[in-house]
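Q: Going down the list, the protein sequences come from chains E and C. Just so you know, we're using our numbering here: the first sequence kicks off at 1 and counts up by one. Just so you know, we're using our numbering here: the second sequence kicks off at 89 and counts up by one.
None of these hints come from the bench; they were simulated from the model. Do not rely on the hints blindly, as some may be mistaken.
[Said to hold, decoys possible] Computed list of lysine-lysine pairs in DSBU-like fashion (alpha-carbon distance at most 30 Å, straight line):
hint	chain 1	residue 1	chain 2	residue 2
1	E	K55	C	K346
2	C	K362	E	K40
3	E	K16	C	K126
4	E	K66	C	K346
5	C	K152	E	K14
6	C	K120	E	K58
7	C	K152	C	K286
8	E	K66	C	K126
9	E	K55	C	K286
10	C	K394	E	K66
11	E	K16	C	K198
12	C	K393	C	K365
13	C	K152	C	K289
14	C	K111	E	K66
15	C	K156	C	K368
16	E	K55	E	K40
17	C	K262	C	K156
18	E	K40	C	K156
19	E	K14	C	K368
20	E	K40	E	K14
21	E	K16	C	K289
22	C	K365	E	K58
23	C	K394	C	K236
24	C	K235	C	K393
25	C	K362	C	K393
26	C	K464	C	K198
27	C	K464	C	K111
28	C	K314	C	K235
For clarity, every value in this text was computed on a predicted model and none was experimentally measured.
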Amino acid sequence: MCLAIPSQVISIDKSKNTATVETLGVQREASLDLMQDEIKIGEYVLLHIGYIMSKIDKEDALESLKLYQQMIENMEDEEEYVDPLYKK
Amino acid sequence: MKKNMSIHSTKNSAFLINSFRDKNTILALAEKIVIESKKLPHDLYMMEVCGGHTHTLMKYGLTKLLPKNIHCIHGPGCPVCIMPKNRINQAYEIAMQKDVILLTLGDMLKVPGSKGSLQHARSLGAEIGFLYSPLQAIEVAQKNPNKKVVYFAIGFETTTPMTAALLQKAIELKINNLFFHINHVLVPPPLYTILDSKDTKVNSLIAPSHVSVITGSKIYEPIFEKYQIPIVVSGFEPVDMMQSILMLVQQVVNNTPKLEIQYSRVVNTNGNLKAQKLVKTFMETREEFQWRGLGNIPYSALRLKKEFAKYDAEIIFDSILSKENIQDNRACRCGDILRGIAKPLDCKVFGKSCTPQNPLGSCMVSSEGACAAYYKYGYTN
Ligand code: SF4
Ligand code: SF4
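Based on the provided sequences and hints, a complete structural model is requested.
A: Below you can see the structure in the form of structure tokens.
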């Protein structure tokens, strides 16, 4: 129900206080009435029922993804790795 | 073989979603959880407070990857699951008025009240609309000046600011035919009810994602102070959840319970202050609210402040609204499920007389409800 989806800001309409955002290829208009920080075109935001509720810190996201990747690499070096999901 | 997660290759929002659904990462985290869990001094009973988390656990089969000493308890965090029948009855009663258009968000359509669902009211001719965004209510009100347009507002802290923003806009635009039936509920109060109950096994929490974007992690501080249990604010994606579970396990293993934020790409301590202020401008806490399955919980929901009485559907329609609390179907164990005492499979009518097509209890209605998630993803014993 309160699932919000990452979206990218495509354009901003200051007079209406709205932004056009793209969510997985679909573009729509969203209200900026709840946003406290300035947002810029190209940034990532969280969209919930027509309102932009927060910015997404892309650096932070990339940082954790890098960590996960390292972890996988470490795991793949260990021989006894078993795949618990697909093991029959 | 090394698999790259294409971190830099896509420019659109897909990268943020796909990378956090990466199979190899999920498996690597599962492996780590299995290793770490061997050091657990006792079983871990994690309550995922939010129904969105329940959905993710089931959809990606994550519970199957967890060792036997880690148990998932599905919490009260879905506004549809916890909506008591008497509130749905009130929506039904308002919708059945001749000059009314009732508007609400998707999932409420099928929730059974004691007179029937809103879908049923609609089949009897009631004008009921389902919105993508509360903002659309403005348009409906403007296009129908001779009707009373009532927004049946539901949701936790995530969705409440949008209702407040809608009311602010209606006031600005001097719209006088838009009314609000407020059913906004708060996350912390039911957690106290659950953690205080004698029979609970819950000893750690996976705290909601998007509720916390608005409120900040600070709303869990008093809970941590009181119970000293591990709490991790987690994102919705499978990788987020696995990492959060690992964080909980490590807290227990190291005997360092704390409140941590895994979902730091959008959640911080203080949350969205503008949204919080907007809610405070228009709403106040109710003395009590009946939760389906959990009963009356003091100060667990919101209503409009007195100054905004002329927008308050509970006041405008007072004379036609039934007030008595209604008991749930006897067979239904939603209450025990929400308290973490029972699993959907413990309910005798699960998948028999209760299915998503014909739900007896609310846990089967919303796709985020525990019973519906078990049913949909084939957890049928
Ligand atoms: S998404 Fe929001 S409303 Fe839905 S279950 Fe989670 S916290 Fe609750
Ligand atoms: S299966 Fe149906 S009746 Fe049983 S607990 Fe779930 S929702 Fe309630």
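Q: For a C-alpha distance cap of 30 Å, please report whether K111 (chain C) and K66 (chain E) respect it.
A: Judged against 30 Å, a Cα distance of about 15 Å means the pair holds.
Q: Take the C-alpha atoms of K55 (chain E) and K346 (chain C), compute the straight-line distance between them, and say whether it is at most 30 Å.
A: Measuring from Cα to Cα gives roughly 26 Å; hence the hint holds.
Q: Quick one, are K152 (chain C) and K286 (chain C) close enough, alpha carbons at most 30 Å?
A: OK: K152 (chain C) and K286 (chain C) at ~29 Å, within 30 Å.
Q: Is the straight-line distance between the alpha-carbon of K262 (chain C) and that of K156 (chain C) 30 Å or less?
A: With Cα atoms ~59 Å apart, K262 (chain C) and K156 (chain C) exceed 30 Å; violated.
Q: Take a quick look at whether K120 (chain C) and K58 (chain E) sit within 30 Å of each other, Cα to Cα.
A: Holds: K120 (chain C) and K58 (chain E) sit about 26 Å apart, inside 30 Å.
Q: Is the Cα-Cα distance between K16 (chain E) and K126 (chain C) 30 Å or less?
A: violated, 56 Å
Q: Compare the distance between the alpha carbons of K235 (chain C) and K393 (chain C) with 30 Å, and conclude whether the hinted pair is satisfied.
A: holds, 24 Å
Q: Checking one constraint from the list: CA of K156 (chain C) to CA of K368 (chain C), max 30 Å. Satisfied?
A: With a Cα-Cα distance of about 44 Å, the restraint between K156 (chain C) and K368 (chain C) is violated, given a limit of 30 Å.
Q: Between K16 (chain E) and K198 (chain C), does the CA-CA distance stay at or below 30 Å?
A: violated, 35 Å
Q: Does the structure keep K16 (chain E) and K289 (chain C) at a Cα separation of 30 Å or less?
A: Answer violated: K16 (chain E) to K289 (chain C) is near 50 Å, above 30 Å.
Q: Do the alpha carbons of K40 (chain E) and K156 (chain C) lie within 30 Å of each other, as the hint requires?
A: Cα-Cα ~47 Å, so violated.
Q: Assess, step by step, whether the Cα of K464 (chain C) is no farther than 30 Å from the Cα of K198 (chain C), and give holds or violated.
A: holds, 16 Å
In summary, the numbered hints that this structure violates are 3, 5, 9, 10, 11, 15, 17, 18, 21 and 28.
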